[in-house]
Amino acid sequence: MNTMERRDFLKLSAMAAATAAAQAKAGVERTALHKDAHGIRWDKAPCRFCGTGCHVKVGVKGGRVVAIAGAEDADVNKGLLCVKGYHVGGILYGKDRLTTPMLRKEGKLEPISWDEAITVIAERIYKNPQKFAFYGSGQWTIPEGYAAQKFIKGGLSNNHIDPNARLCMASAVTGFISTYGVDEPAGTYDDLDNASVVIFWGNNPAEMHPVLFSRIVDRRSRGEKVTIIDIGTRRTRSTEFADHYLEFRPQTDLAIANCIANYLIENDKYDKAFVEKYCNFRIDVDDKTRDLLGKASTFEEYKAKMSTYTLEYTSQLSGVSVEKLTMLCETFADSKQLITSLWCMGVNQHYRGTAMNRLLHGIHLLSGQFGKPGAAPTSLTGQPSACGTAREVGTLAHALPGGRIVAKPEHRADCEKAWNMAPGTINEKPGYHTVLMFEKFCTPTAEGGDIDTILVQVTNPGQTLPNLYKLFDAKKDLADKFLIVSEVYPTATTEIADLVLPAALWVEKSGVYGNSERRTQQWFKQVEPPGGAREDVWMTIAIARKLYDMGYPGMKDKDGKFIFSYKDEQGNEVPIWDYAHFNDINVDKALYEEYRPLTHAKHKNVAPYDVLVNAHGLRWPVVQTKDGNWRETRFRFTEADDPFVKKGTGLQFYHSTTNDDKAQIWFCPYEAAPEEPNKEYPFWLCTGRVLEHWHTGSMTMRVDQLRKAMPKAYVELNPKDAADKGINNGDLVKLTTARGEIVLPAWINGRAQPPRGSVFVPFFDEKLLINRLTLDVTCPVSKEPDYKKCATKVEKYNPTEKQPLP
Amino acid sequence: MVDRSQPVSRRGLFGALVRPFTRHLKERPVAHPEEIPDADTPRVAIIQGRFCLAYQGGVCFTCSERCPEPGAITTQQGIPTIHADLCTGCGICHDLCPAPVNAILVKAKPPTQTTEPSEPS
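Protein chains in written order, with the numbering used here: chain A, 1 to 806; chain B, 807 to 927.
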């Protein structure tokens, strides 16, 4: 063995030892762990990509992830993975991983030490703690989000923290809360196995949630009958499998949902017993006000308001034929059906996203399609821990852990008590939501831009924010603004960052995620992060400790102890802020177990950490049974399954906003989109994801197979529109909106077919930033922007006529 | 006048899509040389169902989407079929297949199927 080899060998064995030591601290024996005949060590982890929450088996050899397989015993995916999932291990090994902290000096990013980096951040925060904002993610693990939350809302008494989930499922949250008084779906994926009808509302699960989609269509190959109704603004890959396709004019889904409600009432086909027993009616305060809770309404008022939405009126407005609308309404009228509605960004990224969410819950309640296996209004999430971290840990600008909000004194007091902080520590005023946070960051300080430092973790706002010139690029000209980005690869965000922190990714760290069906999933660190890359949760704790050392009062609790003080089994405090000691205890478990009691107030009881270690996730509320086992919940609010429902009630909405155990059926009117096609910008522009890439492609574009399968963004055109403009496949097309322009290749029909007068562009391509064109107007209640519709001009681009791009 | 609305050939589009990325194509691990016959011999692509994501109940449409020959790869309920009479054996589907184990074989066309060229020139 020569020196070189020996050194490598020693380094590898040291790493292996450190990893093994971290895992030994689990406290329980691990059943998922085993070694196969090829010397590959297998362990479990949830997939890193979408909100489905598939479990993968991770094969490690020589300190590297060398194999990925679907976990056959995982309920979510039963061994199946999508094309991204099979390559999830490859995302760790792109050639340009960031491995050292870098500070921008005279315009160039120069390597610095971690200690310097942490000091720079702490000094900026120390100077202006209220002008600091934390921008996180639905890809944050639960412990990462919880630490960030405690650090800023507790330690800094500052509420300027928001996750990218604001751009993703904020409207689903407001929809659930205003309907049931508490967030997250009542049903689970099990409903997909039992439903007789599955409806996609502006949803394309074939590409976005492929494993769930397979779970539905697979039933057909087993001889079961499941009717798929696809309601959307463009044909997609999912449409190929649908029995019925209803194509509506963008924004008129509001009218379609109302049409169903009106039909059920007019024809006396709604579930009277269900509505009487379990539902109230609700309405906006007045014609202008759009808030979370509205005011009480009556059935008569509801009926009168709904009466506008006749089949004929709705057909005229939406472009869906009366025949098809009748079919849809009749489906809801047929009590023998079991209907599951699925929706995701089409309904959430909507100028009236909250309203549309409410209406979907409303038609399910009105028709009694709720609370039985197969009948559920189920919103899907796009990120692996949008539910777990953004919603349950409450890393939103207005929220606190466990479904609490900063506006309520008793909720603040709960957290102050749990964190052993003085009463009054938590600020009662909600912080800036995402769009506002970046607007303030991109506004000169003298003009009221009162955010001067943003720390970004696990997300890429430089590509995903709407109206990028206004909300992101404008920062470049502001010398006193400071952008800190924790990332794994160079991205559109690191491009203009002042400080870049190299982060550990996926199984290079331990974590806990919460998927779309309330399933909390845990995994252990399995390989070492490359070079100097470190865990996001460590960064947060190290910054907090630096502030503590500098004498910042908020970093001490009531007893003068550091707010992130955790002890080892012998009862000695471990200096986890010192990276050499970060792995001496299981920090994830310490944070998670501190957070867990906070989930009980709203009956979101997550499972204990040690129980999660040997499960492929458990769906909360998880309660302990008499025999000491832990039991998960498949359907909330039903007596049959939810342990918190009073016996004899059947269904109990125990967090009802009206305190009478009833859900709210809302009336929300159809309201026009904020920007509709006009003479200058005559086309609708819709954006979205593709099967092969996840979000901004910062990970998937580094996997050869995925990049080759889908190398570059394009614009999907209707063949007739293309013919009108003399555009053929591959011709360059210029899209212009009031906010920016972009040139990309045309793909006629594309993955299915956009209707005439509309185009679709995916947002994964960092070289073709479609979000420079999108609209930053938000839903008035959820503050979520509408990425699905704005007005654009479409022109054939002549490359000989050189036009400077913005 | 040419009807430009018809997606007569997807070659143009995929040319545009693939060109900037040829660098990556070169880096791609190539299947063992004897597995793929020379480009001068008439060839045909074959899907190995046991490796194909779509056959395995998953969702994937790379081969049918990127095939430059209209009608050579069609799908039914998501499952791709290669029509040997229309397949030119260009191998693009093989090069782009994103399955963990490449599901596409490129073989010499059996003599019975090579009697006529697929397009009269």
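Among the hints, a few may not be true.
Restricting the straight-line Cα-Cα distance to at most 16 Å, the calculated cross-link-like pairs of lysine to aspartate or glutamate (EDC-like) are [said to hold, decoys possible]: (1) K708/A <-> D901/B; (2) K734/A <-> E795/A; (3) K767/A <-> E495/A; (4) K277/A <-> E795/A; (5) K913/B <-> D901/B; (6) K475/A <-> D452/A; (7) K708/A <-> D846/B; (8) K476/A <-> D452/A; (9) K712/A <-> D844/B.
These aren't lab readings, by the way, just hints derived from the structure by calculation.
> Which of the numbered hints above does this structure break?
Replying inline: 4, 7, 9
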